[in-house]
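Now that you have both chains on their own, put them together as the hints suggest.
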Amino acid sequence: AQSVTQPDIHITVSEGASLELRCNYSYGATPYLFWYVQSPGQGLQLLLKYFSGDTLVQGIKGFEAEFKRSQSSFNLRKPSVHWSDAAEYFCAVGSAGSARQLTFGSGTQLTVLP
Amino acid sequence: DARVTQTPRDKVTEMGQEVTMRCQPILGHNTVFWYRQTMKQGLELLAYFRNRAPLDDSGMPKDRFSAEMPDATLATLKIQPSEPRDSAVYFCASGLGLLYNEQFFGPGTRLTVL
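Protein sequence lines, in the order shown, are assigned to chains A and B. Start counting the first sequence at 960; every next residue gets the next number (my numbering). Start counting the second sequence at 2; every next residue gets the next number (my numbering).
Just chain B, same shape as in the assembly (with noise of 0.2 Å):
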C-alpha cells in the first residue's frame, strides 16, 4: 500500500531554533506539495515540486523557509529560525503530475514553536 511518509510527526521546539520536517512521496509521483494548516488560514500551499524543480513556492515566507528535493525520494522543508506563528500542521502530498491534479497526501507533522 503507497503511502506518503513524514517524519517527524510531532516537533516542540523553542523559537530561535531550526525546525526539519522531510516527506517521502510515494514512489514513481513525480510532483510534491508542501502545505500549512491552521485554525485561522486552513490548508496553505507553501511550495511545489516537479521532477523535483521547485515551481512555485510563492506561498512561502522567503526570509526563514526553504524547501528542497535533494532527490526524488525525499523532500524537505526547513524553517530558520523559527516563530511561534509557525506553529501548524505542515503536510506533504504528492501526485503524478498529470492532468487529473490528484494527491495523496502524509499524515502531517505537527510543529509547536515555544
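The shape of chain A in the complex, shown without the other chains (with noise of 0.2 Å):
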C-alpha cells in the first residue's frame, strides 16, 4: 500500500528565508506526486505535480519540488518565502491502478515570522 510521511508538523521561518518542506513516500512502482497547500478556512489548491521526466518540477506562486527516487522523496522549496505563504502544505502520492486514489501526508503547517 502506498502512504506518505511529512516528518515536520509545524515549520516556521522568517520572510525573505529559503523554505525546504520534506516529503517521503513508500509507493512499489513509478510514484504521481502532488503539493497541495490549504490556506485557512479554504479548500486545498495544487502546488505542483510530478509524473515523470524532469525530476525538477516547476509549480505556482514560485515553489518547486525534486523527485529523488533513490531516496524517496519529494521536498518542496521556495528560495524566499512571503508572508502569504503561511497555510498547511500537503505532500500526496496517487496509484496508478483502477482506484485512482490519492494519499495524502499528515501536513506541515508554515508560520512566516515578519
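In case anyone wonders, no lab produced these hints; they're calculated from the structure. Hints are not guaranteed to be accurate.
One-sided and incomplete, this derived list gives chain B residues near chain A with beta-carbon spacing under 10 Å [what the hints assert, rightly or not]:
no.	residue
1	R4
2	Y36
3	L44
4	R65
5	F66
6	E103
7	Q104
Note that CB positions come from ideal geometry on N, CA and C, so glycine has one too.
Have a look at this one:
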C-alpha cells in the first residue's frame, strides 16, 4: 500500500528566508506526486505535480519540488518565503491502479515571521 | 474559471438530525471524491465515484453515511443520524480520472454537530 510521510508537523521561517518541506513516500511503482496548499478556511489548491521526466518541477507561487527516487523523496522548496505563504502544505501520492486515489500526508503547518 | 462548488459552506445541527452536503464537480470531470478533515485524523477519503458509479466507499461509516451522484453535475453526502463525532470539514474534489490523479478541491463544508 502506498503511504506518505511528512516528518515536520510545524515549521517556522522568517519572511525572505528559504524554505524546504520534506516529503517521503512509499509506493511500489513510479509514483505520481503532488503538493497541495491549504490556506485557513479554504480547500486544497494544487501547487505542483510530478508524473515523469525532469525530476525538478516548477509550480505556482514560486514553488518547486525535486523528485529523488533513490531517497523516495519529493521535497518542496521556495527560495524566498512571503508572509502570504503561511498555510498548511500537503504532499500526496497517486496510485496508477484502477482506484486513482490520492494518499495524503499529515501536513506541515508553515508559519512565517515578519 | 472552473471550480468545484460545495453547499452549504457551514452547517450547525443537533445530534440526530439529517445532514445533506452537496457538491457540483467541474464540468467534464468524471471522478468525484469525498474527504473528511479533522485535526485528529487529517484528510480521510470517504468515498469515490467514477462516471457516477461508486467505486470505493470503504472509508465511510455505512450505518449512517451515504453518498450518491444523482447526475453528473451533483454529488451528495448524507449523514443520518448525525453525531457530534461527525463534526469536521467535508471536502469534495473532482478530476478527470486519468492516470495523473490530479484532483480539484472545493472550499469544503464545515459541519458542527451539537
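To see whether the hints hold, each was checked on the structure:
1. R4: At about 9 Å, which falls below the 10 Å cut-off, the nearest Cβ of chain A leaves the hint on B:R4 intact, so it holds.
2. Y36: 8 Å, holds
3. L44: Since chain A brings a Cβ to about 5 Å from B:L44, closer than 10 Å, the hint holds.
4. R65: Violated, about 23 Å.
5. F66: Violated: closest Cβ of chain A sits about 18 Å from B:F66, beyond 10 Å.
6. E103: Check passed: Cβ of B:E103 comes within 6 Å of chain A, closer than 10 Å.
7. Q104: 6 Å, holds
Checked against the numbered hints listed earlier, the structure breaks hints 4, 5; every other hint is satisfied.
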